[in-house]
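2 protein chains.
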Amino acid sequence: MDVLKALYERRSIKEFDPMHKISSDDLSTLLDAARQAPSSYNLQHTKIVRIVDREMRKKISAAAYNQPQVLSASELFVLAADTKAWQKKTERCWQNVPEKIRNFILKSIPEFHQNRPWIERDEAIRSASLMAMAIMLAAKSMGYDSCPMIGFEQEPVKEAIQLPNDHVLVMLLAIGKGVKPPYPKPGFIPMEEFLFLDHF
Amino acid sequence: MDVLKALYERRSIKEFDPMHKISSDDLSTLLDAARQAPSSYNLQHTKIVRIVDREMRKKISAAAYNQPQVLSASELFVLAADTKAWQKKTERCWQNVPEKIRNFILKSIPEFHQNRPWIERDEAIRSASLMAMAIMLAAKSMGYDSCPMIGFEQEPVKEAIQLPNDHVLVMLLAIGKGVKPPYPKPGFIPMEEFLFLDHF
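Chains as they are written, first to last, in my numbering: chain R, 5 to 204; chain P, 5 to 204.
Hints were generated in silico from the structure; no laboratory data involved. Be a bit skeptical, because a hint or two may be false.
Derived PhoX-like pairs: lysine-lysine, alpha-carbon spacing no greater than 20 Å straight-line [said to hold, decoys possible]: (1) K189(R) to K104(P); (2) K9(P) to K189(P); (3) K181(R) to K18(R); (4) K104(R) to K18(P); (5) K25(P) to K162(P); (6) K63(R) to K162(R); (7) K181(R) to K9(R); (8) K104(R) to K184(P); (9) K184(R) to K104(P); (10) K111(R) to K92(R); (11) K18(R) to K63(R); (12) K111(P) to K93(P); (13) K162(P) to K63(P); (14) K25(P) to K181(P); (15) K9(P) to K9(R); (16) K189(P) to K104(R); (17) K104(P) to K18(R); (18) K88(P) to K111(P); (19) K18(R) to K189(R); (20) K18(P) to K62(P); (21) K189(P) to K93(R); (22) K93(P) to K189(R); (23) K189(P) to K18(P); (24) K162(P) to K62(P); (25) K88(R) to K18(R); (26) K184(R) to K18(R); (27) K104(P) to K93(P).
Just need the whole structure built from these sequences, with the hints factored in.
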């Protein structure tokens with residue numbers, strides 16, 4: 005499916021066919037596509053936790069105020085991200101570039117992050133959000149619907165997935181076969197509050 | 005262009021044809037596609053500042069350590085986001101849904117945000133990052149390359165664009181005609197550090 009068509013047709017869908025399963029081929033395609041999303045310094049902060057176990061789905065459903073898509077979606081991904089990715093074997097992220105470039109980048113990474121704890125969190129959220137959009141559009145192009153979710157209690161989800169202390173939760177992403185057409189798009193703010201020329 | 009192809013072929017490009025201009029039709033298509041990206045509670049936190057004035061480009065180039073794409077890209081967008089979008093005329097964001105749903109959502113919005121300053125910033129960054137990915141893929145599908153950038157001094161950019169105090173800077177996004185093929189993808193971390201089943 006064309007990118008623009010996928011962008012216009014992607015909607016946040018809350019009612020999925022609970023019997024539908026995504027084939028392992030499609031799942032691989034989706035996850036491999038997800039990994040093509042960019043991240044700053046190519047640090048690949050994002051982690052996907054696939055929630056497959058039924059009891060785990062129920063725990064997360066309870067934390068998400070019983071929103072129906074948590075249980076009915078074919079796949080439920082918890083997107084998390086590592087705020088300390090910049091300290092972890094970063095040479096792997098640059099293994100395929102000429103040595104001179106690699107050395108320059110590996111030196112820049114700590115300079116950019118150190119003593120700026122706020123940027124560690126921002127970077128983690130940015131990376132996982134870029135990937136989330138990639139997944140939603142890839143899913144749409146493959147015939148699936150999705151629902152990104154931030155309305156859930158963080159602590160029980162962190163506990164359920166055993167989130168490491170240096171990671172942040174970024175969102176839940178439900179993916180499956182929608183069973184009901186969405187409402188019309190709910191409403192746009194005016195263009196002049198979205199687009200500015202040179203300054204606010 | 006197909007979504008998966010765009011995802012695989014999108015690369016962060018730093019050398020653009022400085023003479024190329026994006027037509028106003030293409031620019032409109034790109035910006036309208038950008039607005040289709042989701043945001044939580046449809047709050048549309050993201051603001052795009054198009055940097056057109058040459059002196060403004062130079063100021064931002066200086067803040068971005070003279071990275072060449074800031075000056076040579078056909079378009080330079082500063083993506084910012086409003087951390088207080090949840091307090092600003094939110095009824096417009098839900099004007100097209102049935103009243104009962106609108107009322108429920110408009111009541112939920114302050115409940116979700118109030119007394120959680122950290123979520124205001126997270127939400128702003130999430131929304132603008134989702135839109136950034138939408139723009140990069142739409143651009144690719146329209147024959148353009150892009151470069152998302154976070155490596156710049158924030159203060160001079162904030163000052164140049166007169167960023168409101170309740171907004172955050174999320175990234176720079178350069179868009180144009182790449183003039184040089186990119187290096188091979190720099191390197192992936194192993195799948196087992198990306199994908200987890202039910203928990204870490």
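For each hint, the structure was consulted:
{"no.": "1", "hint": "K189(R) to K104(P)", "result": "16 Å, holds"}
{"no.": "2", "hint": "K9(P) to K189(P)", "result": "15 Å, holds"}
{"no.": "3", "hint": "K181(R) to K18(R)", "result": "10 Å, holds"}
{"no.": "4", "hint": "K104(R) to K18(P)", "result": "17 Å, holds"}
{"no.": "5", "hint": "K25(P) to K162(P)", "result": "26 Å, violated"}
{"no.": "6", "hint": "K63(R) to K162(R)", "result": "11 Å, holds"}
{"no.": "7", "hint": "K181(R) to K9(R)", "result": "18 Å, holds"}
{"no.": "8", "hint": "K104(R) to K184(P)", "result": "19 Å, holds"}
{"no.": "9", "hint": "K184(R) to K104(P)", "result": "19 Å, holds"}
{"no.": "10", "hint": "K111(R) to K92(R)", "result": "13 Å, holds"}
{"no.": "11", "hint": "K18(R) to K63(R)", "result": "18 Å, holds"}
{"no.": "12", "hint": "K111(P) to K93(P)", "result": "13 Å, holds"}
{"no.": "13", "hint": "K162(P) to K63(P)", "result": "11 Å, holds"}
{"no.": "14", "hint": "K25(P) to K181(P)", "result": "9 Å, holds"}
{"no.": "15", "hint": "K9(P) to K9(R)", "result": "14 Å, holds"}
{"no.": "16", "hint": "K189(P) to K104(R)", "result": "16 Å, holds"}
{"no.": "17", "hint": "K104(P) to K18(R)", "result": "17 Å, holds"}
{"no.": "18", "hint": "K88(P) to K111(P)", "result": "16 Å, holds"}
{"no.": "19", "hint": "K18(R) to K189(R)", "result": "14 Å, holds"}
{"no.": "20", "hint": "K18(P) to K62(P)", "result": "16 Å, holds"}
{"no.": "21", "hint": "K189(P) to K93(R)", "result": "17 Å, holds"}
{"no.": "22", "hint": "K93(P) to K189(R)", "result": "17 Å, holds"}
{"no.": "23", "hint": "K189(P) to K18(P)", "result": "14 Å, holds"}
{"no.": "24", "hint": "K162(P) to K62(P)", "result": "14 Å, holds"}
{"no.": "25", "hint": "K88(R) to K18(R)", "result": "33 Å, violated"}
{"no.": "26", "hint": "K184(R) to K18(R)", "result": "9 Å, holds"}
{"no.": "27", "hint": "K104(P) to K93(P)", "result": "18 Å, holds"}
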